[in-house]
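**Student:** Here is how the chains run, residue by residue.
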Amino acid sequence: MTGLGPVCPFGLGIEALATALWDKPNRLRELTIGKPEGPQAAVQRVPPFDLNSHVKARRPYVDPHSAFALAAGSLALAPSGRPPQELDPSASGLATGTVFGNAASLEIFQQSVRGKGMRLASPVLFQHCYPNTTNSLMSIEFGLRGFNQNFCGDPLCGGRAIQAGHEAVRAGMADLMLAGGCDALSERLSIALRRECGRDGPILSEGACFLALESEQSVRRRGGKGVCELVCVVSAGTGLAARSGRAEDQMRIGAAIRSAITRALSQTNLWEGDLGALFLAMPWSRNDPLCQAAKPTLDSFSQLPTFTADEVGGYAFAATFPLQCAAAALLLNQRMVPSPMKLEKVERGVELWVEQPPASMLGTAALVLGWSAHSVVAAILKA
Amino acid sequence: MTDRTRVFVTGLGAACCLGGSVPEFWQALLEGRCGFRTIDRFELEGSPYSTGGQVVGLSPTPFSESGVSMGAQFAAHAARQAVRDFPEGLREGLAIVLATNFGPSEALEELVDADYAPPWAATGRLRLHEGPFEWDLDQVAEAVGAGGERVGISLSCSSGNAAMAHALALLRSGHAGAVLAGAYDSIQKVVWAGLSCLRVMALGTEGRQPRVRPFDLNRSGTIFSEGAGVLLLESAEHAARRGAVPLAELAGASSNNNAYHMTHADQEGRATAEAIQRALQDAGIRPEAVSYVNAHGTGTKLNDAIEARAFRAVFGEKVKDIPVTSLKGGLGHAMGAASALEAVACVLALREGLIPPTINYETPDPECSLNLVTGGPRQADLRVVLNNSAGIGGGNAVTVLTKPGLAG
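Chains as they are written, first to last, in the working numbering: chain A, 1 to 383; chain B, 1 to 408.
I should point out that these hints are in silico values taken from the structure, not numbers from a laboratory. None of the values given here were measured: they were computed from a predicted structure. Check the hints yourself; a few may be wrong.
[As the list claims (entries may be wrong)] Taking lysine to aspartate or glutamate pairs in the EDC-like style, the calculated list, with each CA pair at most 16 Å apart, reads: (1) B:K189 <-> B:E43; (2) A:K116 <-> B:E45; (3) B:K301 <-> B:D365; (4) A:K116 <-> B:D365; (5) A:K116 <-> B:E43.
[To be verified] According to the in silico footprint, chain A covers these stretches of chain B (three or more CB under 8 Å from chain A): (6) 62 to 75; (7) 141 to 148; (8) 197 to 205; (9) 256 to 265; (10) 314 to 327.
[Unchecked claim] So, partial list: chain B residues that the calculated Cβ filter (under 7 Å) puts toward chain A: (11) Q27; (12) A95; (13) V190; (14) A193; (15) N218; (16) S220; (17) A271; (18) G393; (19) G394.
Just so it is clear, CB atoms sit at the ideal spot from N, CA and C, and this is done for glycine as well.
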């Protein structure tokens, strides 16, 4: 990894992500617990920013989803240049992931079709409604003419984009891959998601995170420097065609998670003792069946500092797995990990958490893990 | 399992305006039939673009009634065909890679109309936080009992080839032994409004129904259709272990982006040519070994010319000798499903040694000087078939299919 481009509720760039990890981990929780349900409590928002400071092309309209991704891509590519210097554009590619795509634009377009009729639909707006619009705008902006893929599906698609990017570089299909995920939530979508997850559910947010992945030869050729190594990304199915809600489902999911971790470690010639931290690309919630399914496996890693999406800006859907990778990269670089906050007390629905001093990271690698009822994606990063 | 694991096509499925099964689809292509009719699924509000290729042979139910998008119904129908001979006992490990251009557009329409709180939300059957694309994947997986990982992809009109490219990567690197790869799309009102405002569709002239005329001098646009094409792909080892007979080999694939403009490629089709060259390199096959090219051939002025230039850039003088077809004259442009349906046709062409014709071709265009197959199907000893696709937003994806065991 030669560049990290996080865009999250704490702001844009590595400094903002570091803030999320080190300085104010309890800030989001204060905002979401104890407040009445309403738009301001629905999801954590990326703060407003000037897109023009991140892109060269001036466009009359850009969907928020595209804006997040363009900013994140720009930040990730900053170390290697835009377009990547001394690299053939056809050897520089892009892999993106999104759950909801350009939801805001689609809502506006649909409203205009309903209100004004089909014949007055706007072609400019429609072009911002495709699930691959953001991918295309990024390719054009950054001159990425190489390997390209765009994943749409459950929130693991951000992890799949990183897997595809990693594979493309490893297989020699690209010298540099910009890979990551993005989701921007319209006001109405965010309220509906909050309603579905419940007031006391996980912290929901939006954002983007892209990683610049380069081959070692490419980095050496341009005299660059890596932040850390993305050693492997594995994926697997859980064997469940449909959800039955039976206890066996949870056992299968747990077994699939264990199997993915084992496979990832064996591919990297690492063992569990080499891991210094665990990053869960999940909205961790004790009562969630998916989290319960993983608990037996994760208990065997209980000695590891563990970070859920809450600690990295909230659960940002397709951006979550890449954000966790970026967080892992930052901590591996510093060889320190924040200690978990200690819950001192709860008074009138407000939780008071107390900071603990940071600790040394004992291992040289980090595991990033995401799963659904059907699939598991696991990545290992090394200092 | 090595990175160069061979990957075979062992099952096919199709649903489109030319038929609800692979044999119907293939027969219609060989006969040069056209599947277009007046769209009757929603009120067209006086739109001049009233002709499209709606799926036949199925009676899809609206999402509002069934909770399943029509696109997913098409995909499930095609998927069932593709896995007909795949043992139930192996389906637990069967992965799915499905792509689409507009995906669950029906579901999205309903969600937006209802402020994301439709009446069925309270049942919890469809989880908003998993995303509507995942709902479609779930439907197809449940329909065929596939328990492997599920991957959704969207690369506009290149979606089908993009899905196969990703499936190929999963199989080669050992993440899966068998993958259902394909693509789907359905004609829905909001999407049709958008496609209409792009003004790329052909209009009827002089009392004639609109026609798609790929590479013809007087071509005037495309006509959109819908459907699903699905291929069952297996590693050679997996196929051999269960005694499956390969229909073809998926020897190579590539996908890239023009990085130029949202609506068209650069005039020389550089990135299109690069995508083709990379797919051939991936397959270990030289350009001169290609027996037949299935072109994207949408019938639009700009894109057909650019594609022809890209072919000339790749094949040089040999381009005159390589038969080329576009199926969109009769099949229409099935949006995300296009290159998947056309891949099904490529496999059948390889097996039967028959190239379906490009219909509605009357007047050559000097800008598109290709060895087009017209007038009827052409017999040929086919060994290597190239399936090209390009999409709005600049995404290109190419697959190379061969007779089993041929690729290097």
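**Student:** Work down the list of hints and note, for each, if the structure agrees.
**Tutor:** Status of the hints after comparison with the structure:
About 8 Å separates the Cα atoms of K189 of chain B and E43 of chain B, which keeps this hinted pair within 16 Å; it holds. At roughly 11 Å between alpha-carbon atoms, K116 of chain A and E45 of chain B fall within 16 Å of each other, so this suggested pair holds. For the hint pairing K301 of chain B with D365 of chain B, the CA-to-CA distance comes to about 10 Å; that is within 16 Å, so the pair holds. A hinted pair counts as satisfied when its Cα atoms are at most 16 Å apart, and K116 of chain A with D365 of chain B does not qualify at roughly 40 Å.
Of the pairs offered as hints, the one joining K116 of chain A and E43 of chain B holds, with about 14 Å between alpha carbons and a cut-off of 16 Å not exceeded. Remark: the stretch 62 to 75 of chain B is not confirmed as covered by chain A, as 0 of its residues place a Cβ nearer than 8 Å to a Cβ of that chain, below the required three. Closer than 8 Å: that is the beta-carbon criterion, and the stretch 141 to 148 of chain B has 7 residues meeting it against chain A, so the requirement of 3 holds. For the stretch 197 to 205 of chain B, the stated coverage by chain A is satisfied: 3 residues place a CB nearer than 8 Å to a CB of that chain, which reaches the threshold of 3.
Residues of the stretch 256 to 265 of chain B with a Cβ under 8 Å from some Cβ of chain A number 8, which satisfies the need for three, so the listed coverage holds. Given a C-beta distance limit of less than 8 Å, the hint that chain A covers the stretch 314 to 327 of chain B is violated, as 0 residues qualify and 3 are needed. Because the closest C-beta pair between Q27 of chain B and chain A is about 33 Å apart, greater than 7 Å, the hint is violated. A hinted interface residue such as A95 of chain B counts as satisfied when its beta carbon comes closer than 7 Å to some beta carbon of chain A; here the least separation is about 6 Å, so the hint holds.
A cut of 7 Å between beta carbons decides the hint on V190 of chain B: the least distance to chain A is about 5 Å, and the hint holds. Checking A193 of chain B against chain A: minimum C-beta separation of about 4 Å stays under 7 Å; hint holds. Interface restraint check: N218 of chain B against chain A, minimum CB-CB distance 24 Å, threshold 7 Å, status violated. Violation of the interface hint for S220 of chain B is found here, the shortest Cβ-Cβ separation to chain A being roughly 18 Å, above the 7 Å cut-off.
The beta carbon of A271 of chain B comes within 5 Å of a beta carbon in chain A, closer than 7 Å, and the hint placing it at the interface holds. A distance limit of 7 Å between C-beta atoms decides the matter here; for G393 of chain B the minimum to chain A is near 3 Å, and the interface restraint holds. Taking 7 Å as the C-beta contact cut-off toward chain A, the hint placing G394 of chain B at the interface holds, the least distance being around 5 Å.
When the structure is compared with the earlier hints, violations turn up for hints 4, 6, 10, 11, 15 and 16 and for no others.
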